[in-house]
Amino acid sequence: MRRQFSVIVVGGGHAGVEAAWAAANLLAHEPSTSARSVALVTLDPSKIGVMSCNPAIGGLAKGQLVREIDALGGVMGLAADASGIQFKMLNASKGPAVWGPRCQSDKHAYADTVRALIASRPEIEVIAGAVERLLVRDGAIEGVEVRAHDASTTLLAPAVVLTTGTFMRGLMHTGETRTPGGRVGEAPASAISRALTDLGFELGRLKTGTPPRLRRSTIEWDSLDADPGDSEPTPFSELTPSGCRSREASSLFPALPQVECRRTRTTPEAHAAIRDNLHRAPMYSGAIESVGPRYCPSIEDKVVRFAERESHGVYLEPESLRDDIIYCNGISSSLPADVQDVIVRTMPGCQRAEIVRYGYAVEYDMVRPHQILATGMTKRVRGLFLAGQINGTSGYEEAAAQGLVAGVNAVRHLYGDEAWIVGREEAYIGVLMDDLVTKTPVEPYRMFTSRAEHRLLLRADNAPDRLTPIADRLGLLGATERGRARAAQHRVRTSERVVLSAAIDSARTPDGAPLPRAILRADFTAADLRAALAARDELAHISGRVWLTAYADRAYEPYLERQRAEVRRHAEMERRAIPAWLDYSGVTGLRAEARDALARFTPSTFGQAARLEGVTPADVTLLAVHAKRGPGPAAREAITA
Amino acid sequence: MRSGDTIAALATGPGAASLAILRVSGAGVFEALDRVLVAPAPRGRGAWHVRVWVRPDRDGADVAGAESRACPVVLMVCRGPASYTGEDTAELCVPGNPHLARRVLDALLACDGVRAAEGGEFTARAYLHGRVSLDQAEGVSLMVGAASDAELAVGRELMEGRAGARYRAWGEEIATLLALVEAGIDFADQEGVVAIGVDALRARVGAVRAAIVGAAGAARSAARGRARVVLAGRSNAGKSTLFNALLGRRRVVASAVAGSTRDAIVEEFDLAPHRAGIVELVDLAGLDGEGQGGELAGEVQARAAGEVERADVVVWCDAGEGVGVEREAGDGGRWIRVRTKADLVGSGVEAEEGVLAVCAVDGRGLEGLKGAIGDAVAGLGSARAGTIGMVVPRHGAALRGAGEALERAAGLAASAELTAAALREALDALGELTGRTTPDEVLGRVFAAFCVGK
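Protein sequences appear in the order of chains A and B. Add 185 to the 1-based position in the first sequence for our numbering, that's all there is to it. Add 358 to the 1-based position in the second sequence for our numbering, that's all there is to it.
FYI, nobody ran anything at the bench for these hints, they're computed from the structure. Treat the hints with care, since some could be wrong.
A partial selection of chain A residues facing chain B, derived with a Cβ cut-off under 8 angstroms [claimed, not checked]: (1) ASN276; (2) ALA282; (3) ARG706; (4) THR710; (5) GLU742; (6) TYR744; (7) GLY774; (8) GLY799; (9) PRO802; (10) ALA803.
Computed list of chain A residues with no C-beta within reach of chain B, every gap over 12 angstroms [unchecked claim]: (11) ALA294; (12) ARG379; (13) ALA717.
Built from N, CA and C at the ideal position, the CB exists for glycine as well.
In isolation and in its complexed conformation, chain A is listed as follows:
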């Protein structure tokens, strides 16, 4: 059987969902139903939107990503707001540029919300099955072959997004036990690895891990220190009402009852047991050779690397309101079950805890990301896009961001439109995509605010101002009711910002200082701003979010101007394309290291080239000199041919 779609998305995780959603948002403009068709292919449709590891969304830098996804009309913020059972603004004691909104979600409610959202879209058809083959002709993708219940179906589309997560040749380790699979109880996807290798892609292997889950009723819950959420939860989505004074609206958020977490810690006893059993840990016995993340180390890694510490903190986080499973944040482990028993049962409050599921490590294939463009499309196969962990990243938010970029560019590819590339100065999403195409991943890539050199510009609060106009231009908003509501809401936000800004310009503080000057003082807070303008009735209806942005924009203004100047200074070189005819082997005098890096990454712009490891400013100068000379006779011939 053969079926035609506009876009095929393979994988129903956080990347796949955003890719299908964004493609649907763009294709919704199509007059004919046959063109409004996105296939979402997944091994098990009931697992769409599942949170495989920590049941949390957002956090430092990740929260900014969620806000950006939301500003671009994505799913993640909506699902998090609908399912959050604890909301917390991380870094709230610091400046708004580094605030990180985070929530813990009811993992079942989260997946339900995502599935309901996907089901609400007539453009998206969910297809169950395993991708067996990638159909490629003349360097362009044509579709995929899907196998389900021993029957094969051929799905055709000019654009295919692969989001395989940890499933490509997934192998799970608990102690000496190894089980093929991408997630407990789920089979791996092996055929895609082979198909990609056959196409000439260079694959790599990464590792990640997950901690044991406990049964809450077996923990002495109340004996442990509580870790509550914010008393005034902040939603992720601009579409979720916040700071509203009406009783009706406030009942919408948070949608679920809020819970507390508990804190406990590992003990010297457990550390001794870990040391005694290191030879049984796959990472140390040699069973796992791939590299795990430094920022999310397993408890055995922590004990080895920080031998002087006798204890590490552990957060006990409820996974859902519907069951009593507790996620042990801090003791990710692939040690054998008997050692995990010791680790858990020596933690205060957990002496009799029942381990519902042991922690495990999972190894999986990735496609080394120097093989994609910053649009998500592979350099090797036109129309084939990769997003999420397949590109060597870690985290739901990083995956979702790439899914959105790939989904948008899949449709633009279909239309023959110029690809959408997000700048490092525009969004964390831009930093993410740029890092992927300029860095060699040595561990799963995770976003940090320190990766963004223009951090003061890229705040969670101003994500809509930065990106919603772009979403509108791309066509992500105009064709759906939700999108139009978002656009309308953004117009309100924009006008409120203008009104508030004018009010600030004309106001003085109680002690007579001009407000624009006073706001620059280090001790002047967002609350002071509201107090200074409390008497202005016409500002009473302005939302708390707009107040925050107004405050941050003004308080950071001198520094923002400096960053903008920096962006302008590098803008020309940053976006200047490296001509396609440029052959690095023909650039005389290029150092071997630089030549290798350039040939491997084939950067699209001089900005990307300058960020490659092994490429010095002198190399970039040499390249620019060479590019200016124009193509030699051989290259000219190749171009005209």
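Given the coordinates of chain A, work out where chain B should sit on it, guided by the hints.
Frame of chain A, contents of chain B only:
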């Protein structure tokens, strides 16, 4: 600049000398040598005795046989990439006859693909090919053009990479501080990550800032950081006459009418033979105090007073009305007091102690004054005359930029994200000199220092 061509140039100075050296670099070196040498050029690294053709002038008679037209020279061959430029390089040491050297160079330039090197191009190629860093290349250029001991010292410091090493050490410290601040931002949710305290951060930022600011030196308008020596005094004290006499030529209009000089006149002044080095000699309008000549004169006065403030050495001229009374306390070594028009005082009259008697008309005391200026300039010490930032303007600007950013960082220490922004700026400013520090490197430091991750 075009890379890829083969370039050739005379490496030694013009004029007769015992030797002249021609340098050739690029992919076409050996082909070119084969055309100008009597036998095919040796390809191996080392020094070779070879003979070079000296073809007759176009209109000259070919009086002797071919053999007599071959001149023995020494050929030095360096193969790329282990050569100075990173390319195949050859040097021809020919007898130092300017005409002969010119003829050999012309013969080289006549070869296909060989062109005359632009100024500094050999070093530019060394830089592009990663043989020297940018700061080392600057050191080379400074060594060539140095006009003082201070410039030579800075040139050597740059060329030998010592300056670069210092910059990198400062960059390391700033990157470490940045990593600590970033850890406090990005891993604030982790127990066990104790970000650096405000006081400790201020202290360490202050220390590295002091070192950088010291190297930057004061911002100087003078190009290449030459010491500025001003002739100051009241109107009609004979400053302009002295100025001309010191320079040995008539540069400014000197007249018996008081106040002929209104704007500062600046000239290069060679201290030889007393000292190696060139200073800027400045002739100023007379400082006459207030109340004379209206608004315009007031402005002239203010400018002149400013010049005296900024001067490295002040030569205070007085024709006998009372020498430099207003300005001597505390200014010690940079203040030279001169009794001008010594001929009018009559011979044998010793000026008061510490005052040099000079006469621009008969030249009396001029050499002594020159020596005193040289001593004063030398006495300024490295802190004033010879910091790298003062000698190399690009470095001065970058170092001052880093210093200012660090000052902001210290001031903002209570706000992590602003401190980080300022530290990054400081790193970027230093990065202009040494190469950038990437966010990955900063994160690497965090991971090395802390147990992060839940």
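| In rising order, the numbers of the hints this structure does not comply with | 3, 4, 5, 8
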